[in-house]
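**Student:** We have chain A; now place chain B onto it with these hints.
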Amino acid sequence: MNWLKRLGGGSLTLYTILFFAFIYAPIAVIVVYSFNSDPVNMMKWSGFTFDWYKQIFGFTNASSEAALYIESTDQLLAAIKNSFIVAAFTTTIATLIGTSTALAIYRYNFFGKRFYRVLMFTPMLMPDIVLGIALLIFFVGIGMPLGIGSIIIGHCTFLISYVFIVVSTRLAGMDRTLENASADLGANEWATFRKVVLPQVMPGVIGGALLAFIISMDDLVITYFISGVGTQTLPLFIFGMLRRGIKPEVNAIAVMMLLFSFTIAAVGLYLRSRKK
Amino acid sequence: MKGLSQSNRQRAQLSLLLGPVTIFLAIFFFTPLLIMLIYSFLMPGLYGGVEWIFYPHNYGRILGFADPTFEFFDPVYIQIFLRSLRIAATTVIITLLVCYPAAFQISRLKENWKNFSLFLIALPFFASLIVRLFIWVLILKKTGFINSTLMSLGIISEPLDMIYTEGATILGMVYIFIPFMFLPLYASVEKLDWTLVKASQDLGANGFQTFFRVILPLTMPGIIGGSILVFIPTLGNFVVPTVLGGAKVLMLGNLIEQQFLSARNWPFGAALSMLVMTGVLVMLFIYIRSETKDGDQSPATK
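Listed in order, the protein sequences are those of chains A and B.
434 is the number that my numbering gives the last residue of the first sequence; the numbers go up by one with no jumps.
339 is the number that my numbering gives the last residue of the second sequence; the numbers go up by one with no jumps.
The shape of chain A in the complex, shown without the other chains (with noise of 0.2 Å):
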């Protein structure tokens, strides 16, 4: 019996390491191919290049054989510019927004309370395609532009969840007592708040507000409702790219986007795991 279970053991460490390996192997082939120098058939090797990347930073040589392919620089650095104003709007309002409510629901007692907490899990489980489609709707309806400000309200609506949800996450395992102690010292509401409940409550909000930046900056099908015909934003550019038809540069793109995004949730895991 006891080299049967061995046996499972084993095998279920072998199939354990299966599935990261299904996880990370896909991202291993295209940060190594982003460097293949082939322009024609991506993934087919032929030797080492740094051109892609050379070409999405703008460092390129126009003669090359490869820039027939290029859609313009100019519209990927629009794309990517559109992108950060986007995140870093929707950040700054829905991290605004999901605190004050988070912190109202932790601090007061009203009626209605139980409402607002299921309401706040609303906007987030509704699929993005009925809430694209339905702010569509409404923007058209009452004749408002589509372009960076539809983007920005469109993002917020969902996002304001998702940092609620940090920062309650956050409240909830606050000490009170501190609160209190501070009351009986002497401060008054203001400077406990400032002073005791805002240093404790910062790392939530700062999870937050990353998570809401990472996921801003990746949303597709949203933005690809009510973004209008002039604007584009990076996860748009690539997923044109994709229906008519893919240029070596975007593999480079995809591995900078990768990297952009893994660095900030690793600082998030990383902030969050060391405040705990």
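Treat the hints with care, as some may be off.
Partial selection, computed: residues in chain A whose CB lies under 7 Å from chain B [stated by the list, open to error]:
hint: 1; residue: Leu-261
hint: 2; residue: Leu-356
hint: 3; residue: Phe-397
Think of the hints as simulated: they come from the structure by calculation, not from any bench.
All figures in this text were calculated on a predicted structure; none of them were measured in a lab.
All C-beta atoms, glycine included, are put in the ideal place defined by N, C-alpha and C.
**Tutor:** Leaving out everything else, chain B in the frame of chain A:
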């Protein structure tokens, strides 16, 4: 502030904190959904837009009572709906089967390895969805990684048809939704009381009996939670079938997108969206029912 009583001041603070979210969600979340609901019962205009006439045939086109003045009932829409359900259900089952053994193994690792493993599983969730799908395009397409590699090794002479199939669509879904299944599942598996498993073995249950009558019921909350989290974004998904399914694998999401961006039949698109939303609400309802039920009595510990 001096003149205000304590409770008045609290009320002012509260409305200051809750005001923004209330106004924002009322205008930009509930109003749009309400308008969409109304739209789904209006008559599509001839050149896009709507006529303000009650018109139940948007739903009728899908469910079997199409507008007799325009068309005969075409089962294609119900077929697309059923295909979406099938793909969503298959995705749920595969992610579950893939994650379940891994969750057990990881829950038994040492603390450091455990945390690192969880970190590795959560990490892709933060990576761009479109990039992760794009990777699979490069791997599966005719001149992609698998075909190039197999052909240069001489194993196959003709490229395999992998991309633009239902299988590729499901693979893409499984890949991007694994964290959604794994994390709730893991939460249940980690809480599993192994003494109950031991007890069942001591009492003479064989492996199958222990699994189906002790382990499975005890981890059911995680299974249901994960299944719902995977099912919801899969059902109305249009990115994965567009990128990996091509024109062949049409799902509800693709159909909705077409109504809005090319067919310009907004009321019909709104009705389809309502259908997706209903599917999701039904799932959530089942979930909440099961949550409240095993709060007080889980089958094995009863």
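**Student:** Give me the numbers of the hints this structure contradicts, sorted from smallest to largest.
**Tutor:** 2
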